[in-house]
Structure formats: C-alpha cells, structure tokens
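Heads up: the sequence lines are chains C and F, in that order.
Numbers given in our numbering equal positions in the first sequence, counted from 1, plus 67.
Numbers given in our numbering equal positions in the second sequence, counted from 1, plus 67.
Since the hints were derived computationally from the structure, they do not count as laboratory data.
Wrong hints could be hidden among the right ones.
Identical chains share a label here; the pair holds if one copy fits it or two copies do between them.
As a list, the in silico DSSO-like pairs of lysine-lysine whose alpha-carbon atoms are at most 27 Å apart [unchecked claim]: (1) Lys604 with Lys253; (2) Lys253 with Lys679; (3) Lys253 with Lys101; (4) Lys253 with Lys673; (5) Lys101 with Lys118; (6) Lys679 with Lys342; (7) Lys679 with Lys663; (8) Lys118 with Lys673; (9) Lys604 with Lys182; (10) Lys604 with Lys118; (11) Lys663 with Lys342; (12) Lys604 with Lys679; (13) Lys673 with Lys182.
Note that the coordinates shown come from a computational prediction; the quantities given were computed from them, not determined experimentally.
2 protein chains.
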Amino acid sequence: MDVLMIVILSGLLSILVALYLFLHVSRRESGSEKMREIAGAIREGAIAFMKRQYTALGVFTAAMTLILLIFLDRETALTYVIGSLCSASAGYFGMIVALKANVRTTNAALEGLEKAFPVAFYGGAVMGLSIVGLAVLGLGVLYRIFGDPNLILGFSLGASTISLFAKAGGGVYTKTADIGADLVGKVEVGIPEDDPRNPAVIADNVGDNVGDVAGMGADIFDSYVASLVSAMLLGAAYYGVSGAILPLLLAAMGVIAAIIGVFLVRVRRGEDPGKALNRGTYITCLLFSILAFAVIYLQGYDLNLFYSTIAGLVAGVVIGVTSDYFTSINRRPVQVIAESSQTGAAINLLTGFSYGLISIVPSIVGICAATIAAWFFAGLYGIAISAVGMLSITGMIVSSDAYGPIVDNAKGIAEQAGLEEEVVGSLDLLDAAGNTTKAITKGFAIGAAALTVLSLFASYAEIVGIERIDLMKPHVIVGAFIGAFIPPLFSAMLILGVGRNAFRMIEEVRRQFREIPGLMEGRARPDYARCVDIATKGALRELIPPSLLSIAITLIVGFVLGVEALGGYLAGSILTGIVFALYMANAGGAWDNAKKYIEEGYFGGKGSEAHKAAVVGDTVGDPFKDTAGPSLNTLLCVISLVASTFAPLILRYTLLR
Amino acid sequence: MDVLMIVILSGLLSILVALYLFLHVSRRESGSEKMREIAGAIREGAIAFMKRQYTALGVFTAAMTLILLIFLDRETALTYVIGSLCSASAGYFGMIVALKANVRTTNAALEGLEKAFPVAFYGGAVMGLSIVGLAVLGLGVLYRIFGDPNLILGFSLGASTISLFAKAGGGVYTKTADIGADLVGKVEVGIPEDDPRNPAVIADNVGDNVGDVAGMGADIFDSYVASLVSAMLLGAAYYGVSGAILPLLLAAMGVIAAIIGVFLVRVRRGEDPGKALNRGTYITCLLFSILAFAVIYLQGYDLNLFYSTIAGLVAGVVIGVTSDYFTSINRRPVQVIAESSQTGAAINLLTGFSYGLISIVPSIVGICAATIAAWFFAGLYGIAISAVGMLSITGMIVSSDAYGPIVDNAKGIAEQAGLEEEVVGSLDLLDAAGNTTKAITKGFAIGAAALTVLSLFASYAEIVGIERIDLMKPHVIVGAFIGAFIPPLFSAMLILGVGRNAFRMIEEVRRQFREIPGLMEGRARPDYARCVDIATKGALRELIPPSLLSIAITLIVGFVLGVEALGGYLAGSILTGIVFALYMANAGGAWDNAKKYIEEGYFGGKGSEAHKAAVVGDTVGDPFKDTAGPSLNTLLCVISLVASTFAPLILRYTLLR
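Could you put together the complete structure from these sequences and hints?
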C-alpha cells in the first residue's frame, strides 16, 4: 500500500501547483477601468449562473444521496457526495481563474503576444491541474480508506452527474446567448460581434466560460474518473490489490508528466502559439510513456500492460488528429463545404452533414484498433488500462483547452473596450490557436469517452456477475434498440431546448433595442443582467427533463428486462452515442470553419450569398458541437454508472431474469 | 406438399390480375397530342434510365453469379439469378404501367376526380400485385424443386442487390433532377414548377417514376422476400417442412386479401381519396387476419403462431400511423417547424432535425413490443413470423404507394399541357392523398425492414451454427462498432453523390437558359434529353462506390474477425441503420410539409422570409427522405444476406475463430 502514497502525493502536488499558478495569474495587472468594468460584468454573470446552477445541483445531489442511502449503502452515498464536491469544485475553481485570466490576458497583450500567451495558458492550466489533482487525490484517499473499488463507484457517479449538468446546462446556456446575440445583433440590427450595445453580449461572453471552461473540464473530469474507477474494478477482480492500484499509479505518472509539460510550454518570438500548445502535448505524451514504463517495470507488472497503455495513448492522438482533419480550415472537407455554399444554404448543410458522418469512420477505426490491441495484450483489463493510458495526459489536454475560452474572452474585452487594432490582432492569433486545440480536444474527449464507456461496460458485467451479454436473446436486442434511441432523443431534447431558450432571448434583445431610448446610438446602457438571467433560467429548465428521462429509462430497462438486457441497452447507447457525438462535433466544427474560410475572402467573402449560406450552416452546427455532441460523452458515462451502481438492487428486484 | 400448390396458384393468380389491370389501364384514352407528347418524353427518359441501369445491373449480376458459382454452389447461383430477374421484372413492369397510367389519369381527370382515381390506383396495383405474385410464385416453385430454404437464400440476395441499386440509384436520380429543376427554375429564373421551359422538367418527372415507383417497389419487394426466406429457414430448422411452408402459406393469404382489397377500393363522390386508400388497407388487414387464422387453424399449427402474425401486423399499422403523426401537416411537429421558420433557416433545420430524432422513439418502441410479443408466443421463429405478418399486406401497401407518383406525374402533364384550373385542381386533391399514403408507407417499409433484418439476424446465427453473439467479447463489440458506422457512411456517400450530381445538373440547366435563344420566351424547346442523361449517368456513378464498399466491409469483417464478430457487425448496422432510416425519412417528410403549411398562408405564406427558410429545410430533407433514408432498409437486408450467403466460406477461411 506504500505506492498509494505516490498517488496521493502527486495529487496534492498537482493541486499545489494549480494554486501557485492561480496566485501567479491573479497578481497580474487587470488593466484600465473600462476593461475591469467589462470583465466585472462577465464575472457577475458567470457567478450568477454558477450560483443558480449549484443550488439546483445541491438539491439534486441531496435527493440522490438520500436515494443511495435508502436503497444502497452508506459508503456509496458518501463517495457519491465527495465525487460531486470534487467535480463541482474543480469546475468552480477553473471558472474563477478563467474570469481573472481573461482581462489580465487582454492587458498583457498591450505588451505583445508573447506576454499575453502565458497568462492565458497558466489560467487554463489551473483548471487542468486541479481536475487531475482532485481526481487522483480523491480516489487515492478513498481507496486507502475503503480498500474496495466497488464502494468508490459512487465517486464516479457523483462526478458524472455533476458533469452532465455542467456540460449540458453550460451548453444550452452558451448557445442560447450566442444565437440570441448574433441573430438580433449581427443580422437584424447590423452591429458587429462583441459590440457593447448588444444586450446579449455579456451573456455571450459568460457563455464561453460556463460552456467551454466549466463544461469541457467537467466532461473530461468525468471520463478521467470513470476510466480510473472501472480499471480499478476490473484490476481488483482479476489481480487483486496490485491490479486496482496500477490505474492510480499510471494516473499519478500522467499528473507528473502534465505538471512538467505545463512549465515547458512557451511561445518563441514570432511563433504560432498553436505549435507551442501542440509541443506541450507531445512532450507530455513522451514523458508519460517513460514514467509509465518505469513504474510498470519497477513495480514488477507484466510489460503487456505497458503496451495496452500505449495503445490507448496512440489512439487518443490519432483520433485527435483525424478529427482535426475534418474540421481544419486548411483541409479539403471544410473547403468543399465552403465551396458548396455558393449553391445555397441547403447544399452547404447537406455537404457538412455528409462529411460529419464520414468523419466518424477513422475515429471508430482508431477506437476499434486500440480495443483489439489492448485486449490482445491484456484482456478486458487491458482495454480498461488503455482508457487510462489515453486519459493520462488529461492535465495537459484540459490546460490547452481551457486556454481557448480565456483568449476568446480576452479578445471580446479588447473589442468592447475599444483597444487598438494591433492588440486585437495579436489576441486574434492567440484565439485561432485556441480553436485548433479545441477541435483536437473534442476528438480526444470523445475517443476517451468511448474507451471509458467500453471499460465501464466490461466492469458492469463484472459487477452484475454475468458471463455474457448475448444478442441472440430477444430481450437483449430489445434492450439494445432502446439504448440506441437514448442518445438521439437526448440530443434532440437539448437542441429543442436551445431553440426555445434562444427564442426567449431573441424576444428580449429585440425588446431592449425597441424600448431603451438611445441604445442604438450608444448613449444608453443595455440591461445585460436580464439577458444573463434568461439564459441561466432557461438552461436549467431545459437540461433537467432529458437528463432525468435518460436515467429513468436506464432503471426501467434494468428492472423490467433484467441485467443482461440492461447490458444490451448500454451497448446500444454506446454505439449510437459515439456515432452521434463524433458526427455532431465534427460537422459543427466543419461548418464553423467553412464560414471562417469564406470570411477570409474565398467564394465572394463576407457578405456574399455564399457567406449567408455558410452562416446558416454555422448556426445549425453551433448546438451540435457545443451543446448536444459533447454532452453525449457524459450521458454515456452517467447511464453506465447508474446501471453499475444500481446493479445490486436490479439483481434483486428485476422482473425478467 | 400439396398445400404448396395453394401458394403457387395464389402467386399465379396475382400475376394474372396484374396483367388484367395492365390491359384495363392501357385501353384507356391517352388524351390530346400535346399530352401524349409530354408523356412520351417522360417515357423515353425513364426507359433510357432503365436501360442503362439494367445494363449495369446485368454486368453486376453476371459477376456476382460467377463468384457464387466459383466459391459456393450451383443452386445458390441459380436462385440468385432468378431472384434478380424477378426483382428486375417487377420493377420494369411497374414502371411501364406507371408510364401509361400517368397520362391516362390526366385524361380521365377531364371527366372528374372519380374517373381519374381508378386509373391511377389500378396502375399502382399492377406494381403491387406483380411484386407479391412474383415473390410468392418464385419462392413456391423453388422450394418445391429444392426442398431446402438454405438454397433459396440466393433468391433473396438477388432480389436485395437489385433493390439496392434500384432504390439508391433511383433516389440519386430523382433528387438530382428535383434539385436541378427547382434551384435554377424556381429560384434563379423564377418560372413555376413543372414549367415546360425548364430543361430539367422531364428529368424531374422521370425521377418520380424511377425513384418512387421502381425504387419503393423494389425496397418492399426485397423486405418481403427476405422476411419469407428467413422465416422459412428458421421454420425448417425448428419444425421441419411444415415450419418452412407456413410463411409461404401466410404470404399466399396476404396475396388473396390484397387482390380482394384492391377491387374494393373506390372513391365515393365528394370523398377524400386518401380515405378510400386507407379503407383499402384496413379491409386488407382484416381479410388477411381472417384468412391467416383459417389457414393456421385448418392446417393444425399452434395458435400462438397466429398471435405472432398479428403482433407484426399491428406493429406495422402502429408504426405507419406514428410516422404519419410526425410528418402530417395537421399535427404539432410540422406546425412547430413551420413556426420556427420565422426565425430563419437555421432554426427551421434544428427543429426539424430534433423532431426527426424524437420520431424514432415510438417506432422503435413498436418494433420492440412486436419483437417481445412474438418471441413470447413462439420464440425466434415467432419473430420471423411476425415480420411475415407485417409484410403480408405488401400487395395493398405497394398499390396505394405506387399510386402517388402516377398522380404526381399526371398533375405535371396537366400543367405542362396547359389544361384548365379545374382539372389541375382535382389532380391536386388526388396528389395530396398520395402524399399521406407515402408517409405511412415509408414508416411501414422501415418497420417491416426492421423486423425482417431481426429475423435475418436470427437466421444468420442459425446458418453459421453459433449459439450466441456475446457482446462481452471484444471482437464482437468491435464488429458492432464497425457495423454501426456503415449506415451513416453509406448515407453520407449517397448524399454527397446527390450534391455532386445536382451541381452538374444545375450547370447544364443554367447553360441552356444562357445559350438557347428564345428558351425563356417559350419560342424554343429545351434539350430535355441532355438533362435526363446527366441524371442517369450520375446516378449510376454515385451509387456503386457506397454499395460495393458496404458489401466489401461486410466480407472483410467476416473473414478477419470471424462469424461471431460478424453477428455483432450485423447487430450494430441494424441499430444505427434503423435509427438513421427513421430519422431521415421523418425529418425529411416534416420539412416538406412545414413548407407546404406555410404555402397554405401561415406565417406570411409563399414568398415570405419564413417560406424561404422552409424551402431550405425542404431541400435538405429531400435526399434524406427520398435517397438516403429509404435506401438504408435495403442496405441492411443486403449486408445481412451477404453475411448469410457467404457464411459457409467465412466459416472455413476466417482468421479469428
């Protein structure tokens, strides 16, 4: 058990480094009064959203804890609360620093791009390192106390449910604000993006934070924890204590690699900041590989487990790169979509839709290759370990990802504060780098989620003690059919929610332009708070029905059709879930960049008919890539964990056996 | 074996009745010279397409026969050729009569709606009755000769591959022509639909025939045959000869019910023709139930098999009705989509997309309920029998469905020939009835395909002799993942094909308007043949890569990962295939009707911003509902049958066992 101290200490170290970076960023100058005023409004809005969301989450968590206490056991209820708290604090902490880093990045940009970059990146790293730190520390301590991975399942369920709310709620929020701000501001009234006269502008900036920082962090946090817990479960079942500890040890090595990686990221003068970010990721991968080999070799584990780890890591990078291919502005798919916009919005949509569907092929092939390789090396446990390997670099991935919305916000603040072209220009460069990372991270997050849910699927079977999930049994295939419609149904309900909420926002923005005298001329201030409030309330209202419905159907299938059919249900939901997650994320990203490509001057440039068509595609893609798509990863984790956690009850009370 | 004569005779009877109706329709007057000239151009185009398609099909069939001869056995090769011939002749025969019935319907409409209706309906019935007649006759005779359903598998494979080409090729053709005609004609040049000055107008009319008549007929023919063959296979395995004959007997009862049903369809004066069509369907269902009960009771089968039959029949009707709910102009979903068009094309698309996804839920629940019920009554054989029950009314369903494109064509001819408002008006009423039937038929076709492929899935396992398909084995779940991306990949490739081909068509139509002097003023005739040629060549070019790819991947999965993984592959493809088929068909239908709803005067009516937005949605939905969506049914049958037919080879040479 002594090696467990390595795990716990690495978790603590990561949190300490995150704290240090937090203070480092906080101590920077926050700029002129105007800049601070804008940043203050964003902070206010974000904190209002978080407050309301955390209140709702508190109620939900309390209810869920009660259910776990009554129907299951005290340990699960306790670890559930701790998991929820860790997830919520990681999100909150990440948000707070992002809200400080944004304006400080703007201010640093006055002295040049090289000065601004580390402020934004370290701001992101606070999120990245606190996520992995909290996860590793929490799991290490809980395993030290309970010594049984089954009881830690609650930790993962807690993390996942909070993530689902953060991701889906944040996703609805950010797109509500975005569509509201764009459709009235840019299209109807004709003012530029981020114009302070737009009543929804603050809500839009807030959205970048609650959707992208807190949401994406929560998404990866949840896969990270779930992959570790399910690997621990399978490890304990097959190899006892040493099998349960290896995933934690690998995670600890990943944490150390990420800490070193973060400090090595630096932009050289005149260099593309995207390159610096990618370099950081590759260095972290390399460091992790060395450390993983060392730990597996020194602790006397089978070297095949090392190969499984590397299989996952390689798959993660491959999936990230291919999803970049389908969404990059320099590649054929995006350019074909842009070209097709000349024939109108419909052909733009059909083309983007098709490329989105084709884009799932290489990623799924990557996932399959990693699965087969990991299984070949070390059986089902190998698959779980490959998921851990893939997610080992989470600290670095989240750091570069959270950087994106920070520079996006920084740019917004610069524009609203009316800073010079040059400053906005260098923030634009930083922002472009953020967008590339974002595409790669999304692919990575989906790939990681896929391997994680496969590993959860294996540990589900282990927990319920079934030898097989046999598709020849009609109730199993019926379970698979029901599972198959959950991800599409969930996506559809969220997207309709965005539509409804955006409609309310549009009405409000129109009202303000109509009723506040002097707003258009810049003589009066719009009522930002009202827009923030609409987005906030609506997001919570719209995320609850699909989330509860998915959890309820999972339990109904289990209690009515039994554990084997529930296994089929999980498999069905994983299949369509991964397909829809990849397709929505990549189609959305491709539409977005096709629009940007035209804005660079191709096919008639800004204002042309092709551009108008591409704007339609981009608007359709927005909730695909920022709301529904990424929420599916978390949804899959949640329903797998609900099935596993409630397995003892289902085994006892099911109708069909 | 004497009861087999009932089967063979009912098949013959059906073909004779079809011939009688063919002569009945042919003998009607074909109208003025102008009308005959237009009809002649459509016929020429359609026959040109069929000729080219059948040449390509001939080459493909010859190659496939050779492969079957070399690698499998003579019997399979022979039944394969016969199946292909039956499918091709049914399609050809149906087309020929549709091409005669269209102008005769127009001419009859001069004397009123009640006179025109039977011409169109009997025209459709030729297709409906020849399909079921050829299938029942072919299967009956082949079973009489070979006495082993395994050898008849080739018949089904032949029918399915021809269907895939007919459906996918017809689907690409019809949308190429439709988009080409609309985008340049209606949008750019501003002339009405079906205007004879539009160079693509004949291609568009041809498309209705090759896509909707030949394509839809082929689609249902293929499910019909596959459901019968797989039920025969399972029946023979479980109950010997009597188990193999029951499906044929039930089909024979369905044929008789449909023949009676067809003659009972009549429009009363002032009645909605849609009602008459629905009444025909309900009467056929009732008659079939009585006959099925009689045959099961008199032949001494277990009555539980009757309940399985009825479970399928009820599910078919339920699925038809719910898909009507999501696409009907009088229901909430379509009206909400229409309303959302006021906020622009993007919101129209997102709303339609979401309702399309939600629409899959009731249909899948219906399929699951039928599966569980049929299994409860009579095991896996019961599931196969329920598919037969659902498809028993195919004769009637195809008759009412093929009626749609005939009246659509008749309306086009009336408009191009410049007939009075009143005639066009009554043809409009007949056309509207056709659209409702079309929505119901599509839902029915998908539901039938779903039950059929489930039944094929069960018979696949029977053929390869595996007891289970265990998702806990990683190569099985990898197979399922690969299967899951086949339907989206296939759809995407077809849709991109439509886009590419439409682009070629648009260029050509623009060229003609530019280069043919006096075309716009109606003084010169456009070059219709050139447009027909572009649509024809392109359709064939675009359908071959996705079709061959799907077949190739199926074989690769089998030979590399083995028969159990191939079972997982089939399950994966069925899950996403049904999801995408339902979602594409229903979203497409809903967008179409949302546009029509606005054209009725709501939300600003024709020409308003809402209408423009709805037109974008309709154009996106077109290849969804008419190309990709319905082709998926056939695709699933084809890959299941490829897996089953090649099973002996795969068992011998697979890498993984």
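Hint check results:
no., hint, result
1, Lys604 with Lys253, "within (24 Å within a copy, 44 Å between copies)"
2, Lys253 with Lys679, "both (12 Å within a copy, 20 Å between copies)"
3, Lys253 with Lys101, "within (23 Å within a copy, 52 Å between copies)"
4, Lys253 with Lys673, "both (13 Å within a copy, 26 Å between copies)"
5, Lys101 with Lys118, "within (26 Å within a copy, 74 Å between copies)"
6, Lys679 with Lys342, "neither (32 Å within a copy, 43 Å between copies)"
7, Lys679 with Lys663, "both (12 Å within a copy, 24 Å between copies)"
8, Lys118 with Lys673, "neither (40 Å within a copy, 47 Å between copies)"
9, Lys604 with Lys182, "neither (38 Å within a copy, 59 Å between copies)"
10, Lys604 with Lys118, "within (11 Å within a copy, 61 Å between copies)"
11, Lys663 with Lys342, "within (20 Å within a copy, 51 Å between copies)"
12, Lys604 with Lys679, "neither (31 Å within a copy, 32 Å between copies)"
13, Lys673 with Lys182, "neither (32 Å within a copy, 56 Å between copies)"
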